[in-house]
Amino acid sequence: MALDTDRANLTRQYLLGVLPPEDAARLEEDFFADHEVFQEIEIAEDDLVDAYVRGELSENECRQLERNLGRLPRVAERIKFAKVLERATRIASQPTDAAGLDSANKLASVTEVAPKDDTSEPEHLFSVKRDGKKDYRGWKALFASWSVPQRIGALASAAVLVIAGSFLSLDWMRLRGETQRLIAERNELQRRNEAIASSTEDERRRLAFEKKNADAENETLKRQLEEARNSSQVGTALSPILLFLYPGGSRSPEDTESDLTLPARPTTVNLHLALEADNYPKYTVLIKRVGGPKVIERSGLRSSKDKSNIVLKLQLSSSLLRLGYYTVTVSGLRPPDEPVLVASYSFRTIGGAD
Amino acid sequence: MAIISRHTRLTHGYNTPFFDSLVDVASFLALQPTEEKPDPDQEAEGSIPSDSSSTQEWKPTPEAFDKLLDALSPDRDKAAEEYEILRRKLHRFLEWRGCDEGDRLTDIAFDRVMKKLDEGKSISNLTAYIYTVAKYVLMEWLKLRDQTSSFTETIVTVVEAAQLDVEEDDPRIRCFDECLAALSSEDREVVLEYYTAEKREKIERRIRLAAKLGISQNALRIRVHRIRRDLEICVKRYLGATVT
Numbered sequence: 017m018a019l020d021t022d023r024a025n026l027t028r029q030y031l032l033g034v035l036p037p038e039d040a041a042r043l044e045e046d047f048f049a050d051h052e053v054f055q056e057i058e059i060a061e062d063d064l065v066d067a068y069v070r071g072e073l074s075e076n077e078c079r080q081l082e083r084n085l086g087r088l089p090r091v092a093e094r095i096k097f098a099k100v101l102e103r104a105t106r107i108a109s110q111p112t113d114a115a116g117l118d119s120a121n122k123l124a125s126v127t128e129v130a131p132k133d134d135t136s137e138p139e140h141l142f143s144v145k146r147d148g149k150k151d152y153r154g155w156k157a158l159f160a161s162w163s164v165p166q167r168i169g170a171l172a173s174a175a176v177l178v179i180a181g182s183f184l185s186l187d188w189m190r191l192r193g194e195t196q197r198l199i200a201e202r203n204e205l206q207r208r209n210e211a212i213a214s215s216t217e218d219e220r221r222r223l224a225f226e227k228k229n230a231d232a233e234n235e236t237l238k239r240q241l242e243e244a245r246n247s248s249q250v251g252t253a254l255s256p257i258l259l260f261l262y263p264g265g266s267r268s269p270e271d272t273e274s275d276l277t278l279p280a281r282p283t284t285v286n287l288h289l290a291l292e293a294d295n296y297p298k299y300t301v302l303i304k305r306v307g308g309p310k311v312i313e314r315s316g317l318r319s320s321k322d323k324s325n326i327v328l329k330l331q332l333s334s335s336l337l338r339l340g341y342y343t344v345t346v347s348g349l350r351p352p353d354e355p356v357l358v359a360s361y362s363f364r365t366i367g368g369a370d
Numbered sequence: 017m018a019i020i021s022r023h024t025r026l027t028h029g030y031n032t033p034f035f036d037s038l039v040d041v042a043s044f045l046a047l048q049p050t051e052e053k054p055d056p057d058q059e060a061e062g063s064i065p066s067d068s069s070s071t072q073e074w075k076p077t078p079e080a081f082d083k084l085l086d087a088l089s090p091d092r093d094k095a096a097e098e099y100e101i102l103r104r105k106l107h108r109f110l111e112w113r114g115c116d117e118g119d120r121l122t123d124i125a126f127d128r129v130m131k132k133l134d135e136g137k138s139i140s141n142l143t144a145y146i147y148t149v150a151k152y153v154l155m156e157w158l159k160l161r162d163q164t165s166s167f168t169e170t171i172v173t174v175v176e177a178a179q180l181d182v183e184e185d186d187p188r189i190r191c192f193d194e195c196l197a198a199l200s201s202e203d204r205e206v207v208l209e210y211y212t213a214e215k216r217e218k219i220e221r222r223i224r225l226a227a228k229l230g231i232s233q234n235a236l237r238i239r240v241h242r243i244r245r246d247l248e249i250c251v252k253r254y255l256g257a258t259v260t
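Protein chains in written order, with the working numbering: chain U, 17 to 370; chain V, 17 to 260.
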């Protein structure tokens, strides 16, 4: 049954979705009832797709086809097939070569099993040979030539390398962090050492300075003592006499005698009494001749620092002293408490008036 | 979209693969569980179920299918052939009318026909009856689609138009070469010659080819159509095997 032009136009309009509903219903009743009509419409779909691919449809028809049929997966695939078919026929329609092959035989010779130039083909993961076997290329060919156990072994080795590498990387990062922490600690310790050394040096200089001052003062006192001794012998010097007593009566921890040489003429006696501790705010000092009356009593005395010693200082005239033995008692005062005996001393006067 | 129940989707027209996909995604993200309760209205004619797995939808039985085949032809082989042709026609009819769910609606139409046959209904012209049922099924589908047509059409048009190109490295080219090589030399010559050239020259070549083969032009068209269909099927299978 030949399809006339009117029927062809109707069919095309039906496929494009623009046929009036009544005409479309009649056409559908026809093709449901008649296989040949249905086949004609299917062939018309072929022609429509080809016309679309070759650009033989108007712009409006192209849009109608894309809207009505192009969105159907089946027709979309048909359109792609039509493009591939058009490409193949275009190649086949190339001008005949020197061998005089016509288009059909030329395409037949092209599509026959023939070795292809590798340089003219795009690189694929694999190509399917005529015999169905896969042809691997490049580095994949090496892998493909291995047996299954070899491939498994290679994969396992690669996995082990990756895992080991990961562990090594993690360990390296950990050690790096540890190293940085240790460096920071070392720097901190260095800084502290420098600070300690600096403070130690300062303390050493301070102590050296104090020692120097103490030595100078000691020299001065020795000189004064020597002068006092000299003046007491010639009767001309009236320098004060220093009498330094430790508890028990010694002038020093090493000395056993505490003699005071009375001068020919009255002079001032500087009496320094060393205290073992300074436990009271004020003290009372009582000097008494052994077997005799009280010589002098001084209250409200405060201790003072003499070099490294705690001392009570008082002055008295040498005229109050006679030849003989004397005792000195020191009592601590903490009102309202009663005085407390703190220490006692003794000395002997020699020479001078009786 | 996630909170639209199946029933709401039916009555409000959200019954398309696009919205089905949205609901699936939303369910996956635990935004709202998809309701599995069957729609009590699915049994009635004139309502398209959202999917064919509804527990209340009539399920075709082998006996019902036998009745359908018996209605097509007393010869079981011929009836099976008629059934395949009829199914193909139904599917094409739905597609040519703009339905992109041809498979599902074809099943629905046949289910309804088989249900009637199973209930004892006598149908004199089965083909016409199937066509009528298919029209109703299509109308129902179009009604649901048109309620969201502006949004759905825009998306579909844009997507499909961009996917019609074939690049030089398309695997279809290699598959086509293989399938073309698998044809007989005569069939290969016929199909290549038929589609070579354009416009006026194409018509003339076809006339010459038909004369060379000793057949009418219409017969040539039919023969080329069958060769082409075979090639398409071959390419589709080869493409599927290549991708796999």
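Hints may contain errors.
Here are the simulated BS3-like pairs of lysine-lysine, each with C-alpha atoms no more than 30 angstroms apart in a straight line [to be verified]:
#	chain 1	residue 1	chain 2	residue 2
1	U	K96	V	K252
2	U	K329	U	K238
3	U	K96	V	K215
4	U	K321	U	K304
5	V	K159	V	K131
6	V	K151	V	K94
7	V	K228	V	K218
8	V	K218	U	K96
9	V	K132	V	K151
Per the computed footprint, the stretches of chain V lying under chain U, defined by three or more beta-carbons under 8 angstroms from a beta-carbon of chain U, are [to be verified]:
#	segment
10	185–196
11	246–255
If you are wondering where the hints come from, they were derived from the structure by calculation, not from laboratory data. Glycine included, every Cβ here is placed at the ideal spot set by N, Cα and C.
Query raised in the report: So which hints don't hold here, by number, going up?
Result: none
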